[in-house]
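*Asks:* Got chain A sorted already, so can you dock chains B, C and D onto it with the hints?
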Amino acid sequence: MAKQTIIPFGPQHPVLPEPIHLDLVLEDEKVVQAIPSIGFIHRGLEKLVEKKEYTELMYVTERICGICAFGHNWGYCHAIEILLNVEVPERAEYLRVMWHEMSRVHSHLLWLGLLADAFGFESLFMHCWRLREGILDLFEKTTGGRVIFSVNKIGGVHRDVSPEMLLEISTVIAGMKKEYDELAKVFIEDVSVKNRTVGVGKVSKEDAAALCAVGPTARGSGVPFDIRSTGHSIYGKLGFEPIVEEGGDCYARALVRVKEVYQSMEMIQKIIAEMPEGEISVNVKGKPEGEFMARVEQPRGESCYYVKGNGTKNLERMRVRTPTNINVPFLVSALAGCELADVPVIVLSIDPCISCTER
Amino acid sequence: MSYVTKSPWLIHYDGSSCNGCDIEVLACLTPMYDAERFGIINTGNPKHADIFLVTGGVNEQNKNVVKQIYDQMPEPKVVVAVGICACSGGIFEECYNILGGADKVIPVDVYVPGCAARPEQIIDGIVQGLGVLAEKRAAMGKAPAATATAAAKLQDKPEEKPAAEPEDKPE
Amino acid sequence: MASFKMGKMVMRSLFGKPATLMYPVKPAKITEATRGHITINVDTCIFCGICQKKCPTNAITVDRKGRVWSIERMKCIQCNCCAVNCPKDSLLMETTYTAPSAVKITDTFQGPPKEEKAPAAAAAEA
Amino acid sequence: MFTDFNLKVIEPTELVDTARTLKAEGYRMVQICATRIPDAYELTYSFDKDLELHHYRVILPEGKEIQSITDSYFAAFVYENEIKDLFGINITHIALDFQGGFFVTNEPTPWKDSK
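Taken in order, these protein sequences are the chains called A, B, C and D. Residue numbers for the first sequence follow my numbering, beginning at 1 and rising by one. Residue numbers for the second sequence follow my numbering, beginning at 1 and rising by one. Residue numbers for the third sequence follow my numbering, beginning at 1 and rising by one. Residue numbers for the fourth sequence follow my numbering, beginning at 1 and rising by one.
It is worth saying that the hints were derived from the structure and are not from the lab. Worth double-checking, as some hints may not be accurate.
Claimed, not checked - With a Cα cut of at most 20 Å, we get these calculated PhoX-like pairs of lysine-lysine:
(1) C:8 x A:178
(2) D:23 x A:205
(3) C:54 x A:47
(4) A:313 x C:54
(5) A:285 x A:52
(6) C:29 x A:141
(7) C:17 x A:178
(8) A:287 x A:51
(9) A:287 x C:54
(10) A:51 x D:112
For reference, chain A alone in the conformation it holds in the complex:
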């Protein structure tokens, strides 16, 4: 048996802007075991329920994560709306799904860029991020913020989007799709991308299911798990089908995300075409009582929002289970047996969002 060495990875590492620490147990160049340790950005925001009213908590939930801010906010609102028996107007639902899918496009482009950066494809990284700015501009024009939107409220949304703006979104997304075609081709076909990703960090379908993986991480291993296929909100009307790849390696996970960008772009076009007229919010009165768990498919996978109210304006418990939280065991299993040089790519391939994980 070769001598074992332990190499620490993180918390401050060039490949990942976020702090996660992994102790990699190596035999020669092979990783035998990876032990994660987290908690570097643990804030304990779930405990803020004691200090903030359930309406103020909205602003806390969207700051769980700056990349999937909209989804977090939506999930929380949805849970509270169920407790308060609020029917959200249809137009608000359409707007929410539109912003949510736009978040997905921006998040996946961001991730594709980071992946390219992880294996040293600098120009591809720059192109992905340049394209992503187009979405951020649309966000700023419609909600007022680039990454944190503060546009949801319990019972609907704060801002309406004018027909002219919808037309602009549609044109920008159509233009973006043309440019994205070229980028997608590079990710799918380029030799240097394939060399670094095909066969790396392979996890079988059975393992992925046993490890309870979610999101593109699970779908890359052939597990067709997607909360959107329950048809919640308006996804039923949009005819949603999850995208599944069978490979189970980093390449398959990248492929799922590449294709999901197309899917989201199509969905946005459909939403804009079908957007109904009407109110964007209803007045909400009352104090939440009872418990409910809402689920939303974030760009990184399923996330759960458990709320428990006791009839006062402060909730008794609010819990968020984020996608990366449950993908950490998947990561540990994918890292076992890989080469040391592949570690950054594998870590990135689950699209880790540490600030979500630790809250």
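*Replies:* Okay, now just chains B, C and D, sitting in the frame of chain A:
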């Protein structure tokens, strides 16, 4: 040392932020905002860096990491706190695990507000930080034999223990 | 032909206009909806203190007696919560952002004395 | 759209067997949530099959310990370590036990005294 003005390198550490400011810091370095045209490079090594960008508040686990990175940077150095969380703790101020802004652990020279801080604001903040850097350097030049501690005194900054920590990286 | 996957993109970048926004030379990109900083119209403000109570970060302080409204700029997260809850619509989200600074800024606004127009103005606005 | 909360309260001793049965039936573990209630803790284990959620609740009196479900669901170690660190509940036989070092907080077990 004068060439440093033309090409200040920065190191970025994510405290307990929500990622919003982090991606905006990265967005600064990508084509649309392209801070690299000012010679700014995002380096991973504190020993090469002149400017320390902190995003997010400081908590129990990362306060030593922040301190270590700060101590390892050569004088003169500037700390820019990006985002409301790094300035004051922001919305997470009341959380049990947050100590507060970055200024609870290290002296902060420039505060960049915004939630999340816009790339334009970050560029403004870095440019202001460059001014502070030049001042600090001038102060060091006046006292040629000045050590790191003496320079810190000239700036009326709380004295940092310069080499108390071992020199290894926190990685 | 693996090496030409990005050929078109490279050529376009080579001959096209740069994507960079040239920020300090050209002014910052701002839209009508941008949330920059909060301002107050102290003339219509009734110093009720709802904004202080609702502010998620406790950035706002309202002094009822002295009729002073102040905001700590380095605490405000531009969530627009105060403006949404303001009963008199005195608070407004401006599109320009707060500039970075070396000290933590607090902006203070002194309202007009109460006696001047309290009953008449309140009736007119209601 | 699912608007109900399928809850089933079970005894702490039944937990490991329940998890094993659910695993055999092909359920996916979604999350474990702990809530502080007076003199006890409420542990909610959520499982998912065909996109439908099923919750199993254990009321654990203060000072009692509970066995881990990591032998059926390895992924549970994330939550169990978290609950151990934040609530101070002693969960035994965790497959990957961090011995209270998963989350380092300013004060140990901050949720323990919340009620």
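*Asks:* Look at each hint and say if it fits the structure.
*Replies:* Okay, the hints, checked on the actual structure:
1. C:8 x A:178: 12 Å, holds
2. D:23 x A:205: The given pair, whose Cα atoms are some 16 Å apart, holds under the 20 Å limit.
3. C:54 x A:47: Since the Cα atoms of residue 54 of chain C and residue 47 of chain A sit roughly 18 Å apart, the hinted pair holds (cutoff 20 Å).
4. A:313 x C:54: 13 Å, holds
5. A:285 x A:52: Status holds; Cα separation ~17 Å.
6. C:29 x A:141: Holds - the C-alpha atoms of residue 141 of chain A and residue 29 of chain C are around 11 Å apart, at most 20 Å.
7. C:17 x A:178: Since the Cα atoms of residue 17 of chain C and residue 178 of chain A sit roughly 18 Å apart, the hinted pair holds (cutoff 20 Å).
8. A:287 x A:51: Status holds; Cα separation ~16 Å.
9. A:287 x C:54: Distance of about 16 Å is within 20 Å: holds.
10. A:51 x D:112: 17 Å, holds
In this structure, none of the earlier numbered hints is contradicted; all agree with it.
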